[in-house]
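Q: Going by the working numbering, the sequence shown runs without a break in its numbering and finishes at 308.
Heads up, a few of these hints could be off.
List time: in silico DSS-like cross-link candidates among lysine-lysine, alpha-carbon distance up to 30 Å [what the hints assert, rightly or not]:
1. K266 x K289
2. K289 x K249
3. K249 x K266
4. K238 x K164
5. K164 x K99
6. K238 x K249
7. K261 x K249
8. K235 x K261
9. K266 x K235
10. K235 x K164
11. K99 x K238
12. K249 x K235
13. K238 x K289
14. K249 x K164
15. K235 x K289
16. K289 x K261
17. K238 x K261
Across the chosen pairs, the derived CB separations fall in these ranges [stated by the list, open to error]:
18. L228 x R181: 32 to 40 Å
19. R113 x E134: 45 to 53 Å
20. A245 x G98: 30 to 38 Å
21. G101 x H135: 19 to 27 Å
22. E117 x R93: 30 to 38 Å
Worth flagging that the hints you see were computed from the coordinates, not collected in a lab. None of these values were measured; they are calculated from a predicted model. Glycine residues also receive a C-beta, built at the ideal position from the N, C-alpha and C atoms.
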Amino acid sequence: MTWRTLRDFLLDLLFPPRCVGCGKVGVWVCQECLGGIRFIEEPRCGICGCPVDEGALCEHCANSQHSVDRIITVTDFSDLIQEMIHRFKYNQCTALAEPLVGLMFRYWVQHPLQVDCIIPVPLHPRRLQERGYNQAALLAEGLGERLGIPVLLDVLVRIKYTKPQVGLTAEERKENVRGAFACPHKTLIGKSVLLVDDVCTTGATLEACSVALKTAGATRVLGFTLARPMLGP
């Protein structure tokens, strides 16, 4: 038993978990609340994944170049999903990784993808030390275990400490993460990569990661995230 598992066991014993959605005692999110989460439906832009009225691409993607080949997002940023991700990411509630991975897996079963490996969006070492874990890595590891796809944790690294993206405009987000990632080991030549993160807002972080991954030889990069704010029509 790891120290984190022991810590979580003791905390659950002293302070039993309550469903994030309805407050039911005994679980962090109950099956009824999970069952109410709806996946994002088509039509969606074939690159950024934003909802579109018609056609394969949104206006922005049709008129710009991208390193990321496609961004797939499981669900909208509903109140329940927002609270789950916030607690998972900032409140040390790593137990929520299991139901969140379950949502991603459930979506995958309905919309399977062909990839060679899974790579999480990395944190800068300073932020990883502050938080104690990388939420994207927990999601990637859980998904990889369920799918039987290898997870590569040390291939993509964050070499630039950036300020949080929250509150920045789309252009500021893009500039903030420009050159922030690198792949020091050339192990991705010819690989199709699933790039996992918790939230996609403008796609700037996924794009910056994809630049590094393709520079290292990856032929295809698919971003796969839990949620995004409502964008597009």
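Q: Work down the list of hints and note, for each, if the structure agrees.
A: Now for the hints, and whether the structure bears them out:
| no. | hint | result |
| --- | --- | --- |
| 1 | K266 x K289 | holds (9 Å) |
| 2 | K289 x K249 | holds (17 Å) |
| 3 | K249 x K266 | holds (25 Å) |
| 4 | K238 x K164 | holds (16 Å) |
| 5 | K164 x K99 | holds (21 Å) |
| 6 | K238 x K249 | holds (12 Å) |
| 7 | K261 x K249 | holds (25 Å) |
| 8 | K235 x K261 | holds (20 Å) |
| 9 | K266 x K235 | holds (25 Å) |
| 10 | K235 x K164 | holds (20 Å) |
| 11 | K99 x K238 | violated (37 Å) |
| 12 | K249 x K235 | holds (14 Å) |
| 13 | K238 x K289 | holds (24 Å) |
| 14 | K249 x K164 | holds (22 Å) |
| 15 | K235 x K289 | holds (18 Å) |
| 16 | K289 x K261 | holds (10 Å) |
| 17 | K238 x K261 | holds (28 Å) |
| 18 | L228 x R181: 32 to 40 Å | violated (24 Å) |
| 19 | R113 x E134: 45 to 53 Å | violated (26 Å) |
| 20 | A245 x G98: 30 to 38 Å | holds (36 Å) |
| 21 | G101 x H135: 19 to 27 Å | violated (45 Å) |
| 22 | E117 x R93: 30 to 38 Å | holds (35 Å) |
Hint compliance for this structure: hints 11, 18, 19 and 21 are not met, and every other hint is.
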